[in-house]
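Starting from the two chains in their separate frames, assemble the complex, guided by the hints.
Spelled out from the first residue to the last, the chains are:
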Amino acid sequence: MSGQGKDLDRRQFMQRAGKAGLGVAAIGALAWWGHDSKGPDASLGASPSVKLPSYAVAGREKRLAIVKSSHRVPALRAGLEALGGLGAFVSAGHRVVIKVNAAFASPPALGATSNPELVAELVRLCLKAGAKEVVVTDNPINDPASCFELSGIGPAARQAGASVVLPHPGAFASYSLPGGRLIANWPLLWGPLKGADRVIGLAPVKDHHRSQASVCMKNWYGLLGGRRNVFHQDINGIISELGRMITPSLVIADGVVSLARNGPTGGSLEDLKPTGTMILGTDQVAVDSAAVGLLGLKPEQVAWLGLAQKAGVGATDFQSLNPTTVELG
Amino acid sequence: MRITWARRISQAFFLALFLWFCVVATVGERLWQLRGWPVNWFLELDPLTGLTTLLAGGSLYAGLLWGAATLALTLVLGRFFCGWLCPFGAMHHFIGWLGSHGKDLKERARRNAPHPAQQIKYFLLAFFLGAVASDLAARLTTGQGAAFLAGAAVIALVLAATRRGAGRGFYFAAVAVVLALWVAWSLAAPRGGASLLAGLLDPIPLASRSVNLALLPLADSPLRIAWPEPRFYQGAALIGAVFLSFLLLNLWRPRFFCRYVCPTGALLGLLARFSLFKVGKRQARCGGCLDCEALCEGACRPAGKLRPHECVLCLNCLSDCPEGAITYQAGPSAAGEAAPDLSRRRVLAGLGVGLAAPPLLGLGGLLGPDWDPRLIRPPGSLAEGEFLRRCLRCGQCMRICPTGVLQPAGLSFGLEALWTPVLNMTIGTSGCQPRCVACSHICPSAAIRPISLAEKLGQGEYAAEGPIRLGTAFVDRGRCLPWAMDRPCIVCQENCPVSPKAIFTRIAFQTVLDGLAAGPATGGELALSGRALRPGALATGDYYLAADGARARIRANTGATVSLEPGPGWQAPASGSPVVVQVRLQRPYVDPARCIGCGICQHECPVSGQRAIRVSAENATREPSHSLLLKGAGPV
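Chains A and B supply the protein sequences, listed in that same order.
The opening residue of the first sequence carries number 829 in the working numbering; numbering runs sequentially from there.
The opening residue of the second sequence carries number 27 in the working numbering; numbering runs sequentially from there.
These aren't lab readings, by the way, just hints derived from the structure by calculation.
Each residue gets a CB set at the ideal place from its N, CA and C atoms; glycine is no exception.
Heads up, a few of these hints could be off.
[Said to hold, decoys possible] When the alpha-carbon atoms are kept at most 25 Å apart in a straight line, the in silico DMTMM-like pairs for lysine to aspartate or glutamate are as follows:
hint: 1; chain 1: B; residue 1: K129; chain 2: B; residue 2: D346
hint: 2; chain 1: A; residue 1: K956; chain 2: A; residue 2: E889
hint: 3; chain 1: A; residue 1: K1126; chain 2: B; residue 2: E591
hint: 4; chain 1: A; residue 1: K1126; chain 2: B; residue 2: E551
hint: 5; chain 1: A; residue 1: K1138; chain 2: B; residue 2: E551
hint: 6; chain 1: B; residue 1: K657; chain 2: B; residue 2: E644
hint: 7; chain 1: A; residue 1: K1022; chain 2: B; residue 2: E255
hint: 8; chain 1: A; residue 1: K1138; chain 2: B; residue 2: E591
hint: 9; chain 1: A; residue 1: K960; chain 2: A; residue 2: E949
hint: 10; chain 1: A; residue 1: K879; chain 2: A; residue 2: D1025
hint: 11; chain 1: A; residue 1: K956; chain 2: A; residue 2: D1025
hint: 12; chain 1: A; residue 1: K956; chain 2: A; residue 2: E909
hint: 13; chain 1: B; residue 1: K331; chain 2: B; residue 2: E363
hint: 14; chain 1: A; residue 1: K896; chain 2: A; residue 2: E945
hint: 15; chain 1: A; residue 1: K1101; chain 2: A; residue 2: E945
[Unchecked claim] Pulled from the structure, derived: some chain A residues nowhere near chain B, Cβ distances all over 10 Å:
hint: 16; residue: D835
hint: 17; residue: S871
hint: 18; residue: P1102
hint: 19; residue: G1121
hint: 20; residue: L1125
[As the list claims (entries may be wrong)] Residues from chain A that face chain B, not an exhaustive set, calculated with beta carbons under 8 Å:
hint: 21; residue: A933
hint: 22; residue: S974
hint: 23; residue: H1037
hint: 24; residue: V1058
hint: 25; residue: G1095
Okay, chain B solo, but in the shape it has when bound (with noise of 0.2 Å):
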C-alpha cells in the first residue's frame, strides 16, 4: 500500500471520529450517547489550546495534557496532526482536492508554489499569544513592576526596530514605542479585558463549534438522534457562514486555512523546523517535472529548497516522484531547506497588537462597571475575567445542554464574549434545570469548573453556600397579569423549582366592577342592579362579590344575578348598598435569598415575547461584587 493511501485512511479515520464525537455529545447512556466518549479529544490535542488556557489561565487543565504529546511527536515526526489527524485540515484536504479537479499540472503546481501570504497564520499566532502573554505579565507584575517590563518591551523593539538599517525602522520604532507605552500604561491600571480570542480561529474549536451549532441541528433536524426536538442555536448563521467560507476557499487555493490562517499550523509549523525526521530531497537535482509540486499541500517546495514548517506531511511528493527522489529521512533536504520567511517586525507587531487587544477591550467596562447582566453564564463557570480567560468557544457545552438553554453570545455581548456560551431563557425547551451539570463536565478547559449535584443544589457538605445561583429574576409589573391586567395566572410560581419556592405570591382583591347596586336575595342568588353581567362570565371562580369589607365568590352569574359561595363575616347586603365584584389575585414576587436564577420561571411565562419575569446575572454566586443581599439581614 502507497503510503499516501495510508494517510487518507487516517485522515478518513479521524474526521468520522471527531464527527462521530459530536454526535454523541448527548446525554445518555446508549452507544450513540455520551456514556464514555473522550469527545473532547480532538480539543485536547489541539496544542493552542492547551497554550493559551496555560498563559491564560494559568494551570494545563486535565485532558489539554494531550497537547503537550501533539507537541513532542511533532519534534520527532513534524505536522503529523495537521496532515493525518486534523479533521478541519481533512476537510479542506477533501475540497482543496475537488477543486484541483481538471485542472493542468502547470496549474495546480502554480496553485501549491509558496506564497508569501503564508506569514498571516504566524502574525496571528504572535496575536493570540501576545493577547494571553499581557493579561499573564498583568498578573505577574503590578504598578512598577509592569513599568520595568514595558520598558524592557520597548528597548527591545526599538533594538529590533533598528537593527535592519535607517530610514523605515526609525518609524517603526517610534510606532513600536507608542505601542509599548500604551501597554504600560494599561497594565498599570489594569481594566481586565483578557480574552482566549484565539478560539475564534484554533482550528479545533472553530470546527467543533461549526459542526455543534450550525451543522448537527441541521442534519439532525429530521432524523431527531442528537436532539429530540429540532435545535435552534442564535447567530448560528455567522458561526456556519465562517465555516463554509472557509471551506469554499480551498476552491481557491487547496489547504487555504491551513497554509494562511491556522495558528496551531503556525505553531506546529515553528517546532517543524527542528523536527527530527522530514520530507525532503535525497539529490540536489532532479529531472523538475514538478509531479510534487502539483500534489503539494503545505505549498512547501518540495521540488526546490523545502520549507519544513510549512510541510503537512501529506507524503504526496514521496508517493509521486517518479524518480523516487524525496525520501522521509532524519537530515536535511539534498536541495537544501528554508528557513520561515518571517519579516521580525510583522512578528513583533503582531505580538504588540495581541498586547494592547486586552487593554483595548477592557476599555468597553465589561469587565467593571458597564457589566453586562444579560451575561448569565452556565452554572458552575468562573468569575467573567477568569471565565473569558479560559472560554475555547468550542461550543461543547451548547451541544451538550439538555435544554439549549446555553447559546453562543453574539457580538451585542462584545467582541472578546463572542460565541462563549451564555443562558437565553427563551429559546430552548426550558430553562437551566437543576438536577444537571452536564456543561461543568464537558467543558474541556474549566471555564466551567466541574461541579457535584450536591454542590450545585446547595445539599450535603454544600449546604452551608447554598445552591448555585446563576442570578435573580426579577418580575416586570409593568407586563405581568396579575400585576398589570387584573388577570390571574402565576405560571412562574407553579413551575419554581426551588423548595420552598424562590417565588410566592401575596394576594389581593382588585375591583373590576363597580356601580352595582345588592338587590333581594333567594338562596344562594342575589340580584344586581346598575350594571348588565355577561352571562357566565364571572364563574371562573376568581371573582368575588364584595360588601362591607366582607366577601363572596361567585359561583355563577347570568345578566343580573349572581350565585354565591359565602365567604367569613359575609352577609347578605342590603337590599339597595352598594357593591362591587373583585377579582382574586395572587401576585408573584421573588424572593431573592432562594432565586437560583434558573430562569425556568421566564420560559414558561405566558407573556411570551418580552416576559414579564426575567432572569439578569445579579447575585450570581461566580461575582461576588455583584452580590444582591447583605449577609444576615433581611426578616429571616
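Chain A extracted, bound-state conformation (with noise of 0.2 Å):
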C-alpha cells in the first residue's frame, strides 16, 4: 500500500472517513425514508367529503307562486314580489349563486338554456338586495365556454354584474350525500359554492326522454362533475338524490316558452310551446310538480317527483301549499 503516492496522514483521512461516513448516513436515511413494506391500498375508499348546509331561508319554507305571463321579466318580478320580495331572501352581504342550465351550447332562442334577460335580471335584483357577490354556474354538458357564451349567459350575467364561474379539475371536490345510495364520493362543483349564504336554482322547463320532464331538481345534475352519465341507469333516484343534495333559498322554473318536445337539447323553435307560466317557490318538488303540468304531466306520472315526495324533499301536491297565482296577460 505505501509506497503508491503518498500516504493519507491521520487527520486526513478522518476527515475522508468523516465524508463517506455522512453520505452513508444520508442513503440509509433517504432509503428509510422513503421505505414501504406493503406496498400501496387498492386507493378505492372513500374521501373526505365537503359538507353542503341547507341554503333554505328560515320562515319562508313552502311558499310557492305561479305567474301567468308571456314576458320573462315581469313574471319574475310579480313572482318574486309574491313570496314576499327578494329581499326576504336576500340580504346585504350576501353571497348568491345561482345555478342556471347552461347544458348546451345552444343560442338562447331555443330555449335549451337559462334565459339570459332572465339570468341578468335575477343577478340585477341579487346586487340590489344587497348581495355582496353574485355567480353564476354550471357544469355543461357540452364545451363550458362556448356553452355560456353561445347561450348569452356568460355575457349577460357579467353584464348585470355577476361573476362567471366556468368548471375547471380545481373546482371540484369529492362529495358524499349524507345516506345516499348513488352520490358518493362523486366531484361536486364546489368551488362556486363555498362560502355561499344563498342559492337560487333557474331552470328552464324542458322535455326529456328518459326523465319525462327536466326542471329544477334535474338542473342539479349540472353540479356535479367525472362521468355523472352513468346515473342515467337510475335517473329517477338521481333527481331524488339532487333534491336531496341541494336545499335551495330558492328555486324558479321558467315555463313563459317550454321546449315541449325533443328535449332536453331542442334545436328546433318547432320544438318550442309557449306556456306562459312561470313557477317560483322554496318547495322544489311542488314548483316541478307544478311545472311538469306545463308538459301535460300529472306529478303522480313522474317518478322522480314521487321519489323525492318520499325521501322527504318536498310535497308533490303543490296546491297544498296554497299557491299565490298571480295573471300578468
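This is the structure we're talking about:
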C-alpha cells in the first residue's frame, strides 16, 4: 500500500472517513424515509367529503307563486313580489350562487338553456337586494366556455354584475350525500358553492325522453362532475338524490316558453311551446310538480317526483301549499 | 444604432407577434382573443406554403398571396425573411447564440464555416416539390400523356446523368430510368396518395404546430388564458420532441435547422443568388481576422467567396468588421461569389424520389379500398384526396377548436396524414358543436373550406342539401347498456343536438326476474312468492310487474311485496298465477338520414372507455362515394 503515492495522514483520513460516513448515513436515511413494506392500497376507499349546508331561508318554507305571463322579466318581478320580495331571501353582504341551466352550446332562442335576460334580471335584483357577490355557474354538457357564450348567459350575467364561474379541475371536490346510494365520493362543483349564503336555481321547463321532464331538481345535475352520465341508469333515483343534496333558498321554473319536445337539447323553434307560466318557490318538489303540468304531465306520472316526496324533499301536491297566483296576461 | 440591433429588434418583435397570434387564436371578442387578429399572417408569408398548395391544390388561396410578396422582396433584398422575420429562425438564432457562448473565435469560425450538409435543404425542397409535381402531372395528363411525360423525364435524366463522364453516371442513369418508369406506370393508373408533405418541415407550419399543440398547452395549463380547461393533444410528445430536437441542435451548430433542413430557406436561397442587393466585400483582400466568420449566421463565408444563397442577412459581418470591409450593395462581392454547390444528380434524385412518393403512398390504399373510417375530418373539409393536397399540418384548426375535438392524426393514420386534423370524440370537452365553424375560417389553405353556419346546419339556401355530415354514429349493441345489459340509459338520445333527434328509441320490456307467483292483493300492495326481492331495488320507476300481457309499474317493493301503479288493461293477477318483473328499456337507434356525425353522443356515452356509440366517417358529406343511403329510398 505504502509507496503508491502519498500516504494519507490521520487528519486527512478522518476527514475522508467523516464525509463517507455522512454519505452512508444520508443514503440510509433516504432509503428509510422512502421505504414501504406493505405496498400501495387499492385506493378505492372513501375520500373526505365536503359538507353542503341547507341554503333554505328560515321562515320562508313552503312558499309557492305561479305567475301567468308571456314575458319573463315582469313575471320574475311579480313572482318574487308574491313571495315577499327578493329582499326576504337575499340580504346585505350575502354571497349568492345562481345555478343556471347552461347545458348546451345553443342560442337562447332555442330555449334549451336558462334565458339570459332572466338571468341578468335576477342578478341585478340580487345585487339591488344588497348581495355582496353574485356567482352564476353550471357544469354544462357541451364545451363549458362555448355553452356560456352561445347561450348568452355568460355575457348577460357579466354585464349585470355577476361573476361567471366555469368548471375547471380545481373547482371540484369529493362529495357524499349523507345516506345517499348514488352520490358517494362523487366530484361536486364545490368552488362556486364554497362560502355561499344563498343558492337559487333557475331552470327552463323542458321535455326529457328518459325522465319525462327536466326542471329545477334535475338542474342540480349540473353541479356534478365526473362521468355523471352513468346515473342515467337510475334517472329517477339520481334526481331525487339531487333534490336531497341541495336545499335551495329559492327555485324558479321558467315555463313562459317550454321546450315541449325533442328535449332536453331542442334545436328547432318548432320544439318550443308558449306555456305562459313562471313558477317560483322554496319547495322544489312543488315547483317541479306544478311545472310538469306545462308539459301535459301529472305529478304522479313522473316517478322522480314521487321518490323525492317520499325522501322528504317536498310535496307533489303543490296546491296544498296554497300558491299565490298572479295573472299578468 | 447599429444595424444588428435593428435586426434583433425586428426578430424579437416578429417572434413576439407570432407567439401572440398563437395565444389569441381563441374564439372570443376580448383583446386577447381572436377578434380580427391576422393569426395566419406568418403562415401566409412563408412562400413554400403558397407554392406547394398552388402546385398541389391548383390555387393560391386568399392570404397565401403574401408569399408572393416575400418572394418578390427576396429578389430585391435577399433572405430578409430568414434573418429578420422568421420566428422559427429567431428561436434558432437565439439558442445558437447561447451555444456559442464561451467559445473562442477560432472555434466559432469553424462552426460557422460552410458545410456540405447545407445542400440537404435543397434536396428536401426538391423532394417536396417533386411530391406535389407528380400529382400535378397526374392531374394535367392522363394515360398516354403521362407516359409521354415520363418518357421525356427519362431522356432528360439520362442526358443529365451522362454529362459528367461515364462510369458512375451510367449507374445513375439506370436508377433514374427505373424511377421514371415507376412514375410513368403510377401515373398511368393513379391511386392518389398525393400529400402536402412539405408541411412536416416547412418552418412556419412546423413552428405553428409545435407552439399550438405542445408549447402552449403546457404553458397555459396553470394560466387558463388560451383555454378554460387544460388541453390534451394526442401524440403531442412527438410534435414537441421534433421541435425541441431542432432547437437543441443549435447548440451543436448555430441555425442547424436553417442551414441544413429548412426547405423554405432553400427556396429563398435559390432566389437570393439573383437578388438586387447582397452582402459583399468592398475589396478582395482584408486582414483575415475572421471576426465576420465567427459571427456568421448563414455559414456563407463572408471573408472569402461569399455564398449569397446561404446568407440570411444577419449583417453581423457588416457590423463587426474592424476594417469596414463588408457592405450591403447592389453588385457582387469584390472577393467573388460561389454558386450553390449542388450536385445535379442529388437534386434530381430528390426530385425523383419526391415524384415517386405519391404513387408509393398511394399503394397503401388509403384513398381507395382501405380508406380509414376513423378519419373524421372537420366540417367543411374537402374530399380526402383534395384535403391532403392542401393541409399544411399547421395546427391552427386544432388550436382554435373550442372543444378540443380536433386532434393531430398520429402515424396509425398513415404517413400522408401525419398531424392532419382528425376528430377524436373522447379527448375534448365535447364532440363537434353544431353551431361552430371556427376551424373552417381559420384554415390558411382551405383544406377546410370556409363555411357558414347556415351551410353547416343545412338552413336557408342550403336547406335542400341538408346539414354537413361528418360521419354517422353506430350503436355497438354489445356494449350499450339498454341493448346488452338490461339497464336503462339513453344518454346518447338525450344529447343528440339534431332536431328532430337522429337517435330515436324503441321501447322493450325485458324480463329480469321470473319464477314469481302472485299472492293476495291488499290495496295497491301485491304479495309475491317464489323468490325474495331486494327491498327498494324495483322502486326506480323502470320496473314493471307483468302478467297476462298487461303490466303495472312498480312504485315500491319490500322483500315479498310490490306496490303497483296499474297500467292500461291491468287486473290484479289471481293468487298463485305466475308473474314476472320486467325492466322498461328505451333502446337507441340511429337514423342515418338525420345523423350529422358530430360525435356528441359518443362523447357523452357513459361506457367510458370504448364507447357504446361511435361515429365513423361513413356517409360524410365530403365523400359521396362513402355514402350510406339511397336517395329517395326509405319509409319517410
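The hints, checked one at a time:
1. Using a Cα cut-off of 25 Å, the hinted pair K129 of chain B and D346 of chain B holds, with the two alpha carbons roughly 17 Å apart.
2. Proximity of K956 of chain A to E889 of chain A is assessed by CA-CA distance (about 23 Å); at most 25 Å being required, the pair is judged to hold.
3. Note on K1126 of chain A and E591 of chain B: the hinted pairing holds, with a Cα-Cα distance of about 14 Å set against a maximum of 25 Å.
4. At roughly 22 Å between alpha-carbon atoms, K1126 of chain A and E551 of chain B fall within 25 Å of each other, so this suggested pair holds.
5. For a cut-off of 25 Å, the pair hint linking K1138 of chain A to E551 of chain B stands: about 17 Å separates their Cα positions.
6. Of the supplied pair hints, the one linking K657 of chain B and E644 of chain B holds, its CA atoms being roughly 15 Å apart against a limit of 25 Å.
7. Between K1022 of chain A and E255 of chain B the CA atoms are separated by roughly 20 Å; this keeps the pair inside 25 Å, and the hint holds.
8. Restraint check: the Cα-Cα separation between K1138 of chain A and E591 of chain B comes to about 15 Å, which is no more than 25 Å; the hinted pair holds.
9. A C-alpha spacing of about 16 Å is found between K960 of chain A and E949 of chain A, which places the hinted pair at or below 25 Å, so the restraint holds.
10. Between K879 of chain A and D1025 of chain A the CA atoms are separated by roughly 14 Å; this keeps the pair inside 25 Å, and the hint holds.
11. For the hint pairing K956 of chain A with D1025 of chain A, the CA-to-CA distance comes to about 16 Å; that is within 25 Å, so the pair holds.
12. Between the alpha carbons of K956 of chain A and E909 of chain A the distance comes to roughly 14 Å, so the proposed pair stays at or under 25 Å and holds.
13. With a C-alpha separation of about 5 Å, the suggested pair K331 of chain B and E363 of chain B falls inside the 25 Å cut-off, and the hint holds.
14. Restraint check for K896 of chain A and E945 of chain A: the C-alpha separation of about 18 Å stays at or below 25 Å, so the hint holds.
15. For the suggested pair K1101 of chain A and E945 of chain A, the alpha carbons sit about 19 Å apart, so the restraint of at most 25 Å is met.
16. Separation of D835 of chain A from chain B is adequate, the least Cβ-Cβ distance of about 40 Å exceeding the 10 Å criterion.
17. Even its closest Cβ contact with chain B, about 18 Å, leaves S871 of chain A beyond 10 Å, as expected for a residue assigned away from the interface.
18. In this structure P1102 of chain A is separated from chain B by more than 10 Å, as the shortest Cβ-Cβ distance comes to about 18 Å.
19. Residue placement check: G1121 of chain A keeps its beta carbon more than 10 Å from all beta carbons of chain B (closest about 18 Å).
20. Residue placement check: L1125 of chain A keeps its beta carbon more than 10 Å from all beta carbons of chain B (closest about 13 Å).
21. The beta carbon of A933 of chain A comes within 5 Å of a beta carbon in chain B, closer than 8 Å, and the hint placing it at the interface holds.
22. For S974 of chain A, the shortest C-beta to C-beta distance to chain B is roughly 5 Å, which falls under 8 Å, so the interface hint holds.
23. For H1037 of chain A, the interface hint holds, since its Cβ comes within 8 Å of a Cβ in chain B; the closest pair sits about 6 Å apart.
24. A distance limit of 8 Å between C-beta atoms decides the matter here; for V1058 of chain A the minimum to chain B is near 4 Å, and the interface restraint holds.
25. Satisfaction of the interface hint for G1095 of chain A is found here, the shortest Cβ-Cβ separation to chain B being roughly 3 Å, below the 8 Å cut-off.
No hint from the list above goes unmet by this structure.
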